[in-house]
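Number of protein chains: 2
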Amino acid sequence: MVPQAERFPQNPLISPEQVKPSREGWEVVSTLNAGAVLYQREVLLLVRVAERPMSDRPDELIAPMLDTRSDPPRIRLLRIRRDDPDLTAGDPRMFTYRGQTYLTSISHLRAARSRDGRHFAVDDSPSLAPATWYEAFGVEDPRITEIEGRYLVSYTAVSEYGIAAALASTQDFKSFERRGLIFPPENRDVTIFPQRVNGRHICHHRPVGHHIGAFDMWAAYSPDLQHWGEHARVMGRRPGCWDSGRIGGGAVPIRTERGWLAIYHGADESQRYSLGAILCDLERPELVLARSAQPLLTPEAPYEVEGFFSNVVFTCGAILQGDTLSIYYGAADEFVCGASLSLDELLDTLTPSQTA
Amino acid sequence: MVPQAERFPQNPLISPEQVKPSREGWEVVSTLNAGAVLYQREVLLLVRVAERPMSDRPDELIAPMLDTRSDPPRIRLLRIRRDDPDLTAGDPRMFTYRGQTYLTSISHLRAARSRDGRHFAVDDSPSLAPATWYEAFGVEDPRITEIEGRYLVSYTAVSEYGIAAALASTQDFKSFERRGLIFPPENRDVTIFPQRVNGRHICHHRPVGHHIGAFDMWAAYSPDLQHWGEHARVMGRRPGCWDSGRIGGGAVPIRTERGWLAIYHGADESQRYSLGAILCDLERPELVLARSAQPLLTPEAPYEVEGFFSNVVFTCGAILQGDTLSIYYGAADEFVCGASLSLDELLDTLTPSQTA
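So the sequences go chain by chain: A and B.
FYI, this note's numbering numbers position 228 of the first sequence as 228, with every residue one higher than the one before it.
FYI, this note's numbering numbers position 34 of the second sequence as 34, with every residue one higher than the one before it.
Derived by calculation from the structure, the hints in this document are not laboratory data.
Keep in mind the model is a prediction, meaning the values are calculated, not measured.
We put the CB at the ideal spot given by N, CA and C, even for glycine.
Be careful, since some hints might not be right.
Quick list of the computed label-pair ranges, beta carbon to beta carbon [as the list claims (entries may be wrong)]: (1) A:S244 / B:P21: 37 to 45 angstroms; (2) B:L78 / A:R284: 29 to 37 angstroms; (3) B:E283 / A:R93: 47 to 55 angstroms; (4) B:K174 / A:R284: 39 to 47 angstroms; (5) B:T324 / A:E60: 52 to 60 angstroms; (6) A:D71 / B:R93: 54 to 62 angstroms.
Part of the chain A face toward chain B, derived, beta carbon under 7 angstroms [what the hints assert, rightly or not]: (7) Y97; (8) T101; (9) G162; (10) G180; (11) L181; (12) P185; (13) H210; (14) S222; (15) I254; (16) L287; (17) L289.
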C-alpha cells in the first residue's frame, strides 16, 4: 500500500481572501499550484495567484488579458454577454468565444515565505507577472529547481497562441530573468531535475497531441537548460485507474539511492485530480522503475472536494527535510495546502515489481 | 500579383505504380511530399512512399504498423470490420478505433534520382524505414538541409504516442544516423535553415495546440541542431484567405539578399492545400517581412484535384538553379510533381508593404 500523505492541520495554508489583488477593483479568485524551495532558511513558495476584475454584471463573462500590442502593455477586458450565441461556457476556468478560448482570470506568481512551512506571509505584489506575447492570458504553475547556484522557474505561459512552457531564472526571487519558451504549445508541467545526468540536464514535460496521442509524460535532455531535445515518452495513463484521464509532472524530482522520485498528478475521466509517485532510473530518467498503484493524496478534505474547480489536488513543489517530504499542493484550484509523508515509507512501496 | 509556378509537362513525375512495394503482397498507395537536394550533380528526392497490404476484404479497414515490442520489430496489422460500432472512419488517410487514431498506410522514405530534375529513377528499397517506438505508424514528409558538410533530414515520426518531429543525418543517402525527436507531439513541418544566424541554428516548425491555439508556424533556435528552444511564433492563418485553415513550413528556406525566402503550405477550411511564400528577416527569421497574398500554386491540374486525398499541393523541397526555383510537391497525396518559377519575379512581389 502507498502511504497516505498526512494533511497539515493548518490547511488551507493560503486562501484568496488573504492575498491582496495586484490591481484596484480586482479580486483574487484562486491561490494555487505553488512552486516550493528552501531559500534562506525559509520555505519559499511561488504561488499562482489568479485574479479578475470585480463585476456587478452577472449577465456577462469577462476575460482579462494583457494587451502586449499597446505600449506599455496594459490589461484589456473582453466582456461577453452570457446569452451571446457565439459563446460556449460551462467550465469556470475558461470559455470559448467565436472559436477562441479565453480564461476567466489572469494569473501571476507571487512569493510567500514561512519559517515553519505552515504559516505563510504572502507578498503584497507579484513576483513574476505576465509581460510577453506568450503570457497575455497569464503565467501559471511554477516549478522551482535549485541548480548550480541559481533558481530556475519553469512555468506555463498562456496566450491566444497556446499553452507553452517558459523558463526564468533568479538568484533572489525579486528579479527574474526570462529565458524564453523552452517548449512550444501545447506543453506544461515541466519539472527540471536538480542535477545533470551524464553531463546533460533533464526534465519531465507534458506535451499534448491533437490528432494522435494523449496526455502523457515525456522526458527531454538539454546541454544548457534553454534548448531541449532527445524527447522520450516516460509513461501514459492507466485505463480504469485514478490516473486514467491525464497525467503530468508535479514536484521537481528528488534524487534517492534507488532512483529519481517524482510526485506526479493524475486525473480520471471525470477530472478528479490525485497525486501519485514514480521512481525513475538514475541514469535514464525517462525509464520508470516503479509506479504507485494507489494515489498518495486524493481529494477528500472539504477544501479539496469543493472550490473554484472542485475535486483537485495538484502539486508543483515538495520539500524534503530529513525523512519528511512536505508536499505543497493546490486544492480545488483555490487554496494552497500542504501534506507530508515519510520518504522511506514511500520508497519502500515503490518497488520494480509494482510497476504498472 | 504573385507569379504562378509553371507545372512541369512531365507531371506526375513519380506515381505509385512506378514504385516497388517494400514487402511481398503489399501495394504502394501514395508517392508524395519529397524532400529535395542537389547531390552529386543530380536532383535527389527522398520520397514519402505510403504502402499497405493488398486486401480482398472490402468489408474491413487495415492499419499496418511496426510492432517495436517484438524482437526484431515486425509489421503487425490491425484489421477492423467496417461495421464495427467502435470504428469512426471517413478520412481515407486514417480511422479511429476505440479512441485511438490509426493510419491506413505506413510510410517510409525512398531515394529517387534525376539528372534533369524531371525524369526520376526510384530506388527499389527504402532509404529510411520506420524503426523506433515513435515511428511505428510511419516516417513522413522529409525536408533535407545541406549544412556544414552533411545532410540533415527532418521528418515526421508517427506512432500511437503522437505526431512528432525527428531528425536524422546522412553523408550519402544510404546510411542514416538517427538523432532523436527534436520536437515532442504534436509537431511537424520542420524546416532547418541551411546556415547559422548569429552562431545559432534556426528552424521553422508547426506545433499544434489542444486547448488553445491554432495550426500556426513557429521558429526555434539551437546550438547543436539536436536541442531546440527560444520558440517564437512566426505567423498564423489568415481568415477568409486560401490559408485560413492551417499553415506550415514547406521547402527549406533559401537565403536571399532581401531575406529568407520560405515556400509554405496553407489550407483553407475545406482542406484545400495551396503553396505560398514568405520573406523572413535575415537576422531574426521569426519575423515575417512579406507574405504573398495569393498562392503561387493551387490545386488545378487533374492529378492535384483528384487522388488519394484530393485538392492538395504540398511541398517538402525546392531546388534553386540560377534564377529558377523548382518546387517538388505532393499532388493529391498521391503523386510527386514539379513546378518552377523565377526567384527574382517572386521576390519582386514580396515587398514589406504586402505583409498581411
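Going through the hints against the structure:
no., hint, verdict
1, A:S244 / B:P21: 37 to 45 angstroms, "holds (39 angstroms)"
2, B:L78 / A:R284: 29 to 37 angstroms, "holds (30 angstroms)"
3, B:E283 / A:R93: 47 to 55 angstroms, "violated (39 angstroms)"
4, B:K174 / A:R284: 39 to 47 angstroms, "violated (30 angstroms)"
5, B:T324 / A:E60: 52 to 60 angstroms, "holds (58 angstroms)"
6, A:D71 / B:R93: 54 to 62 angstroms, "violated (46 angstroms)"
7, Y97, "violated (12 angstroms)"
8, T101, "holds (5 angstroms)"
9, G162, "holds (3 angstroms)"
10, G180, "holds (4 angstroms)"
11, L181, "holds (4 angstroms)"
12, P185, "holds (4 angstroms)"
13, H210, "holds (4 angstroms)"
14, S222, "holds (6 angstroms)"
15, I254, "violated (24 angstroms)"
16, L287, "violated (13 angstroms)"
17, L289, "violated (18 angstroms)"
The structure fails to meet hints 3, 4, 6, 7, 15, 16, 17 from the earlier list, while all remaining hints are met.
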